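K.L.:
Protein sequence lines correspond, in order, to chains A and B.
Read in my numbering, the first sequence has 43 at position 43, and its numbers run on one by one without any break.
Read in my numbering, the second sequence has 125 at position 125, and its numbers run on one by one without any break.
Just so you know, these hints were derived from the structure itself, not from any lab.
Since the model is a prediction, treat every value here as computed from it, not as a measurement.
Please note: incorrect hints may appear among the correct ones.
For lysine to aspartate or glutamate, the following EDC-like pairs were computed, each having C-alpha atoms within a straight-line distance of at most 16 angstroms [what the hints assert, rightly or not]:
#, chain 1, residue 1, chain 2, residue 2
1, A, K85, A, D25
2, B, K41, B, E19
3, A, K297, B, E274
4, A, K262, B, E354
5, A, K244, A, D67
6, B, K253, A, E8
7, A, K262, B, E120
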Amino acid sequence: MALQLMAEKWSGEVSVVNIGATPQDKGTRSHILKIGGEKSLPCLFQEGPLPNKPQIVFEVWDILPLDWPDELTRGYKNVLGDPVKWAQMCVKEYKAQGICLRLQGAHQDFGNKSPEEEAQLVQKILESVRVPLIILGCGDEAKDNLLLPACSEAAKQERCLIGPATQDNYKTIVASVLADGHNIIAESPIDINIAKQLNVLISDMGLNLERIVMDPTIGALGYGLEYAYSIMERSRLAGLSGDKTLACPFICFVGQEAWRAKEAKVAPAEQGVIWETLTATALIQAGADLLVMRHPKAIEEVTKYVDNLFER
Amino acid sequence: MGLSGLDIYKLLPKTNCRECGFATCLAFAMQLAKKAVGIDKCPYLTAEVQEKLEAQALPPIKLITVGSGDKRLEIGNETVMFRHEEKFHRPTGIGFILEDSFSDGEIKAKLEKINQLKFERVGQSLDVNLVAIRQNNGSARFIDTVRLVSVKTPLALVLMTNDTQALKGGLECLKGKNPLVYHATKENLNEVGKLAKEYKVPLVVYGEGLEQVSGLTAALASQGVNDLVIETGKKGICEKIGDLTQGRRLALKKSDRSLGYPSLVVIEQNDPYEEVQEAASYISKYAGIILMKGIQPWQVLALLTFRQNIYTDPQKPLQIESKLYPVGQVNDKSPVLITTNFSLSYYTVLGEVEASKIPAYIISVDTEGMSVLTAWAAEKFTPHKITESLNKFGIKEAVSHKQLVIPGYVAVMSGELQDASGFEIIVGPKEAAGIPAFLKNL
Chain A
1 MALQLMAEKW
11 SGEVSVVNIG
21 ATPQDKGTRS
31 HILKIGGEKS
41 LPCLFQEGPL
51 PNKPQIVFEV
61 WDILPLDWPD
71 ELTRGYKNVL
81 GDPVKWAQMC
91 VKEYKAQGIC
101 LRLQGAHQDF
111 GNKSPEEEAQ
121 LVQKILESVR
131 VPLIILGCGD
141 EAKDNLLLPA
151 CSEAAKQERC
161 LIGPATQDNY
171 KTIVASVLAD
181 GHNIIAESPI
191 DINIAKQLNV
201 LISDMGLNLE
211 RIVMDPTIGA
221 LGYGLEYAYS
231 IMERSRLAGL
241 SGDKTLACPF
251 ICFVGQEAWR
261 AKEAKVAPAE
271 QGVIWETLTA
281 TALIQAGADL
291 LVMRHPKAIE
301 EVTKYVDNLF
311 ER
Chain B
1 MGLSGLDIYK
11 LLPKTNCREC
21 GFATCLAFAM
31 QLAKKAVGID
41 KCPYLTAEVQ
51 EKLEAQALPP
61 IKLITVGSGD
71 KRLEIGNETV
81 MFRHEEKFHR
91 PTGIGFILED
101 SFSDGEIKAK
111 LEKINQLKFE
121 RVGQSLDVNL
131 VAIRQNNGSA
141 RFIDTVRLVS
151 VKTPLALVLM
161 TNDTQALKGG
171 LECLKGKNPL
181 VYHATKENLN
191 EVGKLAKEYK
201 VPLVVYGEGL
211 EQVSGLTAAL
221 ASQGVNDLVI
231 ETGKKGICEK
241 IGDLTQGRRL
251 ALKKSDRSLG
261 YPSLVVIEQN
271 DPYEEVQEAA
281 SYISKYAGII
291 LMKGIQPWQV
301 LALLTFRQNI
311 YTDPQKPLQI
321 ESKLYPVGQV
331 NDKSPVLITT
341 NFSLSYYTVL
351 GEVEASKIPA
361 YIISVDTEGM
371 SVLTAWAAEK
381 FTPHKITESL
391 NKFGIKEAVS
401 HKQLVIPGYV
411 AVMSGELQDA
421 SGFEIIVGPK
431 EAAGIPAFLK
441 NL
């Protein structure tokens with residue numbers, strides 16, 4: 001008797017988000033990062049299409065990065081503190097497919113750079129590298145509400161991914177993103193209900209669900225990873241089952257979390273690299289679509305892993 | 001899942017005789033479906049129905065034990081596809097393959113390293129589980145290697161051979177140690193099945209794909225060999241996850257007995273990073289046992305930490321006892337730090353206090369295992385609850401000063417806590433990493 005397999009049939013699918021605009025779309029990017037579109041759970045190609053690979057982008061700071069251990073800064077000699085050179089190095093030397101620019105220096109405690117200054121930097125980065133760009137605020141809501149609109153305008157037509165928008169602070173950012181043709185990062189604190197509500201609030205302002213990428217807020221390996229893992233599984237299951245308000249792709253700030261772990265900061269060097277690598281691997285298994293990472297070796301390993309999964 | 005109450009009802013006599021203690025057969029069937037009563041309460045079942053109902057009361061994935069004594073590994077008895085539905089019960093066994101073509105010296109050296117693969121994280125000890133010996137040469141060398149390994153490690157063993165003579169020799173050396181036999185295939189099914197039965201040891205059933213495996217396990221079960229672990233052959237990660245998922249799904253949702261066993265995966269990967277990533281993929285997706293080659297501590301610590309994460313009960317975060325913990329040579333001048341009884345919070349704070357080399361007291365407030373911010377939001381970490389803990393643990397007797405350090409994230413409660421506790425509140429850093437610098441300047 002032939003074994004009857006039991007395939008899950010999903011009625012929904014994850015929306016596709018395009019990050020970066022090429023000349024065809026009146027932008028200047030060399031390619032588009034296309035994420036989402038899954039109609040099956042991670043790896044289960046037999047049960048439905050998984051048309052787009054998870055993408056990995058390099059994190060670049062506008063100032064000297066804070067609290068980066070030596071193992072992490074070693075790969076970026078002579079470029080830290082110079083975001084343009086840093087971004088160029090990621091693209092030229094490490095073949096980055098995308099850059100995530102963190103505007104930490106706009107924070108009052110870390111330099112208090114003006115929105116104009118940061119907008120100029122965004123422009124310079126867009127001129128110096130041609131990969132799609134993600135723009136992150138400094139984490140201070142009031143400042144981000146000034147900073148992000150300025151940067152959004154400076155990057156008009158380039159279809160960036162900009163954020164974070166949170167439940168308490170989304171209106172200003174959504175309005176700019178909407179006006180300038182970008183996508184938005186909707187951040188929720190490891191909470192599926194807030195994630196859903198925020199997506200609804202954002203789409204109610206007229207920004208399509210197809211332009212939202214969810215940040216579920218992750219923890220590193222050994223530091224609460226399992227909470228994000230299960231929230232992502234639950235929310236992906238809801239999305240695949242037809243809940244459009246949860247069917248957005250995920251962005252995960254892997255590097256930021258992994259390199260805070262105590263284990264990542266001690267010898268041997270491989271320990272930190274594997275901490276970041278495995279945090280990414282685990283989240284890919286939970287459905288991550290876009291991973292923001294730091295260590296070139298970890299990015300290389302995760303890229304190999306993803307290529308391997310999608311080789312068919 | 002098993003039969004529904006109505007399915008069971010159809011199998012009952014439907015006489016409503018009440019001898020089971022329930023008013024109707026239907027009521028009894030509903031209780032049976034909930035596994036709230038035993039089927040022995042009904043004296044009128046035919047042998048056939050009895051067998052069917054007994055089978056449905058069995059766990060859908062069989063519990064398998066490998067090894068003996070306190071290092072034995074138990075896998076199986078899983079109940080869900082996703083950890084948020086309940087939890088994953090029995091952490092994946094992790095084992096390392098040693099080739100019998102290695103020299104004795106090499107094997108001893110590797111075993112010494114494997115035996116040291118033990119880590120402590122958030123109050124739990126993380127251990128590896130198995131050593132597998134794989135045959136590459138004649139049976140005599142294999143048997144010698146088994147003997148050597150068995151005296152050099154307390155871990156449970158796996159015998160990897162296709163040679164029945166070597167297998168028999170190995171089993172003879174390991175009497176009472178309950179090793180896992182790898183593997184029965186369609187070529188050697190009867191011979192190896194017989195040995196597994198004779199020595200009462202668990203057996204890996206290897207087939208090219210689930211369908212073949214299912215046929216082989218059914219054949220073995222009919223011979224009374226049913227301490228099984230299944231393996232579906234060498235394939236890509238996605239195909240393997242496909243098999244692991246289908247196996248678990250058919251066992252749980254269709255009660256397919258022929259696949260109702262834990263799974264084993266062998267990882268043949270020489271790149272140490274790719275090896276760990278592949279292993280982690282299978283830990284997240286249902287593998288019962290993973291056999292790999294890499295034994296570097298950084299690889300294994302990452303993997304065991306991941307296994308700990310995935311197998312944590314989502315409804316019950318890891319907690320520690322709520323109490324006053326002295327760290328180092330404390331005296332009545334030592335600072336007092338407040339945190340929650342969520343293991344991760346406590347152990348992170350503990351690690352940093354130890355690193356600061358400044359003796360201090362840590363009070364872990366009972367927040368039902370919630371972290372600082374979550375507990376604060378859920379009102380489990382309030383001025384009132386903290387004051388209660390201070391009194392309960394007698395902090396006023398332990399120290400002569402009246403200062404209390406609270407986590408930076410709950411700075412907002414300072415005033416209220418000061419009033420409630422009578423202590424002067426000092427706001428500490430938001431992240432535990434800031435504790436050493438903070439304590440030095442206190």
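K.L.:
Indicate, hint by hint, whether the structure satisfies it.
P.N.:
Hints, one by one, checked against the model:
1. A:K85 to A:D25: Between K85 of chain A and D25 of chain A the Cα gap is close to 27 angstroms, so the pair fails against 16 angstroms, i.e. violated.
2. B:K41 to B:E19: holds (8 angstroms)
3. A:K297 to B:E274: holds (12 angstroms)
4. A:K262 to B:E354: Judged against 16 angstroms, a Cα distance of about 13 angstroms means the pair holds.
5. A:K244 to A:D67: This hinted pair is violated, its Cα atoms lying about 39 angstroms apart.
6. B:K253 to A:E8: Roughly 12 angstroms between the alpha carbons, so the hint for K253 of chain B and E8 of chain A holds.
7. A:K262 to B:E120: Satisfied, since the Cα-Cα distance of roughly 13 angstroms is no more than 16 angstroms.
In the structure shown, a violation is registered for the earlier hints numbered 1, 5, in ascending order.
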